[in-house]
Amino acid sequence: MSSTLTAAAAGFGTGLSLIVAIGAQNAFVLRQGVRREAVLAVVGICALSDALLIALGVGGIGAVVVAWPGALTAIGWIGGAFLIGYGALAARRVLRPAAEGLRTEGEAASSRRRAVLTCLAMTWLNPHVYLDTVFLLGSVAADQGPLRWTFGIGAALASLCWFTALGFGARLLSRRLARPSAWRVLDGVLAVTMIALGISLVARS
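Reading the sequence shown from the start, the letters are residues 0 to 204 in my numbering.
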């Protein structure tokens, strides 16, 4: 039992250390949490996607994907272009801010659909997600031997806890972001993060 708990704790700690970083996915979840738009759907997509990718990594698919490096190159170009475009939209909001600050009333169906599609793109078109979950976590899990799936469960649980805390905890910032100037600062951080990551992905592809 102690070895099982140790493997699960190792997976949780390793997964958390890789997930808790400033990136496109975390920035998007934070923005949705602050705006209170489709938070449950966004958190669910991120956590379930990570769980699936971690399972693929633990199952050994990472070694198979390495045989086709062109796939990651294509994902890098597509994901980079997407992040640069999203960052440009955030920069536009900074230059052309709305008259009001944060609005927290219920979102429309179209807004929810847009958030879901954007979250899917942020997750599955981001090569860093594959590197962290499939390759890095998969390789560390391999060292756990027969307890590699316990390690993977711990890592998936870390993802669930992090995105839940980020998405639903972000609403605590809503009062601070009620002013248009504060919202412009958040959009400015998003723009710089997205564009920098996008350029980085394209340059490495």
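Rather than coming from a laboratory, the hints here were simulated on the basis of the structure. Ideal Cβ placement from N, Cα and C applies to all residues, glycine included. Incorrect hints may have been included.
To be verified - Restraint-style ranges between C-beta atoms, simulated for each label pair: (1) Leu171 / Gly59: 37 to 43 Å; (2) Ser110 / Val184: 19 to 25 Å; (3) Leu171 / Val191: 40 to 46 Å; (4) Leu94 / Ser2: 54 to 60 Å.
Structure-based check of all given hints:
no., hint, verdict
1, Leu171 / Gly59: 37 to 43 Å, "holds, 41 Å"
2, Ser110 / Val184: 19 to 25 Å, "holds, 22 Å"
3, Leu171 / Val191: 40 to 46 Å, "violated, 23 Å"
4, Leu94 / Ser2: 54 to 60 Å, "holds, 56 Å"
Checked against the numbered hints given earlier, this structure breaks only hint 3.
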